[in-house]
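Chains A and B are the protein sequences, given in the same order.
For the first sequence, the residue numbers in my numbering are 1 to 465.
For the second sequence, the residue numbers in my numbering are 1 to 478.
No lab work stands behind these hints: they were computed from the structure.
Warning: the hint list may mix true and false statements.
Examples of chain B residues toward chain A, derived with CB under 7 Å [claimed, not checked]: (1) Q12; (2) E43; (3) A45; (4) L50; (5) G59; (6) G63; (7) L118; (8) L122; (9) E185; (10) N398; (11) G402; (12) P454; (13) V457; (14) G475.
Here are a few chain A residues that face chain B, going by a calculated C-beta distance under 10 Å [what the hints assert, rightly or not]: (15) Q45; (16) Y118; (17) R124; (18) R175; (19) T176; (20) G177; (21) G178; (22) T380; (23) K386; (24) T389; (25) A455; (26) N458.
Chain B residues, not near chain A, derived (Cβ > 10 Å throughout) [claimed, not checked]: (27) T2; (28) D16; (29) A66; (30) R81; (31) A88; (32) S108; (33) L147; (34) D210; (35) T212; (36) G323; (37) M356; (38) P368; (39) G412; (40) S477.
Idealized CB from N, CA, C, for every residue including glycine.
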Amino acid sequence: MTERELAEQVVELVRRSAGPGAHAEATVSRKDLALTRFANSFIHQNVAGSSVEVRLRVHVDGRTATGSGSLTSPDGLRELVERTLVAARLCPPDPAWPGLTPPTPMPSAPAADEATAYAEPDERAARVRAFVDAAGGLETAGFCRTSQEFAAFANTAGHTAYGRMVEAAMDGIARTGGVDGVARLAADRLADLDGAVLGAQAAAKARAGVDPVELPPGRYEVVFEPAAVADLLQNLSYWGFNGKAYAERKSFAELGAAQFDPAVTLVDDPLAGSGLPFDIEGTPRGALPLVTAGTTTGVAHDRRTAAAVGGTSTGHASGESPTFGPFPVNIRLLPATAHAHTTGPERAGGEVTGPVADPDTAALVAGVRRGLLVSDLWYTRVLDPKALTVTGLTRNGVWLVEDGVVTRAVRNLRFTQAYPRALAPGAVLGLGRVPVRQPARTEPVWWSTPPLHLASWNFTGNASG
Amino acid sequence: MTEFDVATAAVQAALDAGARYADVRVMHRRYESMSARNGEIEELAQDSDLGLGVRALVGSSWGFYAVPDLSDAAARDAGRRAARIAAASARVPGPPVELVASPAVTASWASSCAVDPLGVSLSTKGDLLVEATGTMRAHGADLAEGLYQVWDTTKWFVSSEGHRIDQHVRECGAGISATSIGDGETQRRSWPSYRGQYGTTGWELVDSLDLTTHAARMAEESRALLTAPVCPAGETDLILGGEQLALQIHESVGHAIELDRILGWEAAFAGTSWLDLAQLGSLRYGSELMNVTIDPTIPGALGSFGFDDEGSPAVARDAVRAGRWVGVLAGRDSAAVAGLDYGGSVRADGWGRLPMVRMTNVGLEPGPHTLEEIIAATDDGVLMDINRSWSIDDRRLNFQFGCEIGWEIKNGRRGRMLRNPTYTGIGPLFWRSMDMLSSEIVPWGTPNCGKGQPGQVGHTGHPAAPARFRNVRVGVSA
């Protein structure tokens, strides 16, 4: 039975059990995930598998409950429907029920690459082999991942939807002398991931990181490479552009306010790369402007948070959204071509050697008087969600830049920084022109960003504490 | 076919496809959670998840395949696929893989449970959350939240070495929190912990938490924090409550003694460890007061089990004895690489995930004091409790933690409430500065330990009590 047939069958079972007055929506998701992991320059974990989730939300007699399960047999589906209906009847009334998504046209999603969807373990292993070889004897670690998801939706309002997404990602480090260099890339096609290129880049950065010095804590001008910028986007997304946090005044976001530098334009764009065309409420997904030339213009909503603020769902319902709130997971920080604050070459491309991975970053580094080039951020946690004050550490390479030239490798630093303040008007000194798609480290979502030059970042500790 | 039959078929298929070792876990997990907000139920979710995962060793390489289908054909196919994936791993081969001994057993084990959490009526559970969050709201909280979670897991394990083990593990827990929103910041107070308290036990744990009794105080304290003085910056004596110390143990001891990290197997993602195996048995980790055990046999603690996911029985071991590092969390293959003779700390988040080195119950043995005695013995310091934020570097050395609430300690007395308390340090230096430890041990449960790729969520336990640390940097802010 297809995912679509399963979803429709679940909805039909609810109709039969609870009558025509019941509201029900069913999402069936089948995920095939394969991930080849390497460490100490050999493959130490190599996994694949298929999982199925049937998710049902019912609203009966003014009460709501959600059930899910992996059993797709007729008995399994009946059991899911019955226990979810029982749970709903025992729940208190739900006066804020936002209703079901009506029949709605669906956008088309990016075409799925069949070669990636059904990639063999040998193909992932070959990329790992290339990464390891390109590191030239340095110790390496990381992963190569391929995944696909089939998703189908049906509800008692007559709305149905079907989608598929395929993605690939590779993420690895090379190590020498206790110093790591990193290379990370997400793509729609496994064929676009070149283990040799990524391995060489990681190794070059590691070699450029040896003998780091310790710098005193303080405020430093910084150039963040895409991996580091992705952390900014992720935290802004989860805590700031979260429709529930916004509705409850826990978010920094103020719609219509110039909260960011004019160089900053953020768009959640799930269909610009691997992404499904609808959410688990069946709402179509599309480009959602979050920040336009520095002005906050949007936050993510599911049907419930949208109703709470008098808006419409933006297609960000997820399993987490009823409690944590809806948030974007495919943000693009638009590159510099359209913005006045741009520094850098007319065309970016090619490679450079050493700690600076590409000409785009090199152009930003050239504009630094005294500051730090930062590859990656690590273990970032929110101290206060409203101000979005975050602590965390640098990782996988930091270098001192003086008068536009990288002069020394630097030991990792701890920071405590309010993210929106670091991107506030006047705080963005430059933006690269070439976005790089960054994979999330544990799930198939992505962030797209060029490197970023910021006027100030608050480092509060070094390796000595 | 029974679950054991299915698992046996998958093991045999992996062996037939060339594996020299294989094991299979069939798992059925039922999950239930309910959350409430501001006196109303927000979400009730129930999940039932069933499948099997096969782990196969071909030559020196592992492969793993998982499928949500317990038919004989699917099981055999999964066994063959696991072996094929293992063979592909040999394109980038590592050193020979051996497994330390784990005597084959046929056994059943079940966690203790006085009140089945899935047997308690939804209305009873809902009433509890509605009342607690309603009380917090009535006492001034802008956001009053409550949550319970229940996991009911049955698993069947079969290995090619003859293991045949079934386990029934019931876990649950709950907590509440009150958030007050001020001008540009939020303040939150939680009971009894940041996410609540969890254990491998029945609903009696939730009953013991007295959520409604503490609700009003949480709301009032969250509001009071908005205008409390900010925790001053500087070096001072730091007293940590047991809940925060549990997280300190988790982050700066538990993860650091994971053998897979020490061996570099988590280098690219979770990170490595500052510990060097050559120093096992001799390294000074902390003060003489520091005795840390790895003990999955503690009744009711969240990291307890009968057998780990490699079939090794639960056994208590020392990790740190009188301040000296003496033990690690290990699996059968990592222990063999390290030349150790024990595993027993390998678990997986569900049938679809590869078992990996995981904390069990990693916690402190009690000290001689009480919290009140520690406060009375402190002339000038800060008391902090209930975790708010946590961050530590990839070698588990440099940490910074924030707590929900602090109090000034002056001349042996608890003084003013302090806002936004944070502290920072380097793991071994911090632990060496511990000079007073309470006897008031609580086995705190952490149900959200993230590790591994694909991501896995682990359940760990951390017996901990209040303690004092000398000359710690506090008050780090943006």
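Against the structure, the hints come out as follows:
1. Taking 7 Å as the C-beta contact cut-off toward chain A, the hint placing Q12 of chain B at the interface is violated, the least distance being around 19 Å.
2. Taken as an interface hint, E43 of chain B checks out: its beta carbon lies about 4 Å from the nearest beta carbon of chain A, inside 7 Å.
3. Contact between A45 of chain B and chain A, as hinted, is supported at the beta carbon level, the nearest pair being about 5 Å apart and thus within 7 Å.
4. Evaluation of the L50 of chain B hint against chain A yields a held restraint, the C-beta minimum of about 6 Å falling below 7 Å.
5. Below 7 Å, beta-carbon pairs count as interface contacts, and G59 of chain B has none with chain A, the closest being about 12 Å; its hint is therefore violated.
6. About 5 Å separates the beta-carbon of G63 of chain B from the nearest beta-carbon of chain A, less than 7 Å, and the hint is met.
7. Checking L118 of chain B against chain A by beta carbon gives a least distance of about 11 Å; that is not within 7 Å, so the hint is violated.
8. For L122 of chain B, the suggested interface contact is upheld, since its CB lies about 4 Å from the closest CB of chain A, less than 7 Å.
9. With its C-beta approaching chain A no nearer than about 5 Å, E185 of chain B sits inside the 7 Å limit, and its interface hint holds.
10. Because the smallest distance between the Cβ of N398 of chain B and any Cβ of chain A comes to about 6 Å, under 7 Å, the interface hint for this residue holds.
11. For the restraint placing G402 of chain B at the interface with chain A, the shortest Cβ-Cβ distance is roughly 5 Å, inside the 7 Å limit, so the hint holds.
12. Satisfaction of the interface hint for P454 of chain B is found here, the shortest Cβ-Cβ separation to chain A being roughly 6 Å, below the 7 Å cut-off.
13. Because the closest C-beta pair between V457 of chain B and chain A is about 10 Å apart, greater than 7 Å, the hint is violated.
14. Taking 7 Å as the C-beta cut-off, the interface hint given for G475 of chain B is violated, the closest approach to chain A being about 11 Å.
15. Below 10 Å, beta-carbon pairs count as interface contacts, and Q45 of chain A has one with chain B at about 6 Å; its hint therefore holds.
16. For the restraint placing Y118 of chain A at the interface with chain B, the shortest Cβ-Cβ distance is roughly 13 Å, beyond the 10 Å limit, so the hint is violated.
17. The closest approach between the C-beta of R124 of chain A and any C-beta of chain B is roughly 8 Å, which is under the 10 Å cut-off, so the hint is satisfied.
18. The criterion of a C-beta within 10 Å of any C-beta in chain B is met by R175 of chain A, whose closest approach is roughly 7 Å, and the hint holds.
19. For the restraint placing T176 of chain A at the interface with chain B, the shortest Cβ-Cβ distance is roughly 13 Å, beyond the 10 Å limit, so the hint is violated.
20. About 14 Å separates the beta-carbon of G177 of chain A from the nearest beta-carbon of chain B, more than 10 Å, and the hint is not met.
21. Contact between G178 of chain A and chain B, as hinted, is supported at the beta carbon level, the nearest pair being about 9 Å apart and thus within 10 Å.
22. Among the interface hints, the one on T380 of chain A holds; its C-beta lies about 7 Å from the nearest C-beta in chain B, closer than the 10 Å criterion.
23. Against a cut-off of 10 Å between C-beta atoms, the interface hint on K386 of chain A holds, since the closest Cβ of chain B lies about 5 Å away.
24. At about 5 Å, the closest approach between the beta carbon of T389 of chain A and any beta carbon in chain B falls short of 10 Å, and the interface hint on this residue holds.
25. Contact between A455 of chain A and chain B, as hinted, is not supported at the beta carbon level, the nearest pair being about 15 Å apart and thus beyond 10 Å.
26. The restraint placing N458 of chain A at the interface with chain B holds, with a minimum CB-CB distance near 6 Å, inside the 10 Å limit.
27. Consistency note on T2 of chain B: stated as away from chain A, and its beta-carbon is indeed over 10 Å from all of that chain's, at 17 Å minimum.
28. With a cut of 10 Å on Cβ distances, D16 of chain B stays outside the contact zone with chain A, its closest approach being about 19 Å.
29. Once the 10 Å rule is applied to beta carbons, A66 of chain B is inconsistent with being away from chain A; the minimum gap is 3 Å.
30. With a least beta-carbon separation of about 7 Å from chain A, R81 of chain B fails to lie farther than 10 Å from that chain, contradicting its non-interface assignment.
31. Residue placement check: A88 of chain B does not keep its beta carbon more than 10 Å from all beta carbons of chain A (closest about 3 Å).
32. Look at S108 of chain B: its CB is around 24 Å from the nearest CB on chain A, clear of 10 Å, so calling it non-interface holds up.
33. A cut-off of 10 Å between C-beta atoms contradicts the statement that L147 of chain B is not in contact with chain A; the least separation is 8 Å.
34. Taking the minimum C-beta to C-beta distance to chain A, about 22 Å, the non-interface status of D210 of chain B holds against the 10 Å cut.
35. For T212 of chain B, the condition that its CB be more than 10 Å from all CB atoms of chain A holds, with the nearest at approximately 17 Å.
36. With a least CB separation of 20 Å from chain A, G323 of chain B remains clear of the 10 Å interface cut-off, as annotated.
37. Not every Cβ of chain A is farther than 10 Å from the Cβ of M356 of chain B; the closest lies at roughly 8 Å, contradicting the non-interface assignment.
38. The Cβ of P368 of chain B sits about 29 Å from the closest Cβ of chain A, beyond the 10 Å cut-off, so the non-interface label holds.
39. Look at G412 of chain B: its CB is around 28 Å from the nearest CB on chain A, clear of 10 Å, so calling it non-interface holds up.
40. With a minimum CB-CB distance of about 6 Å to chain A, S477 of chain B fails to clear the 10 Å threshold, and the non-interface call is violated.
Checked against the numbered hints above, the structure violates hints 1, 5, 7, 13, 14, 16, 19, 20, 25, 29, 30, 31, 33, 37 and 40; every other hint is satisfied.
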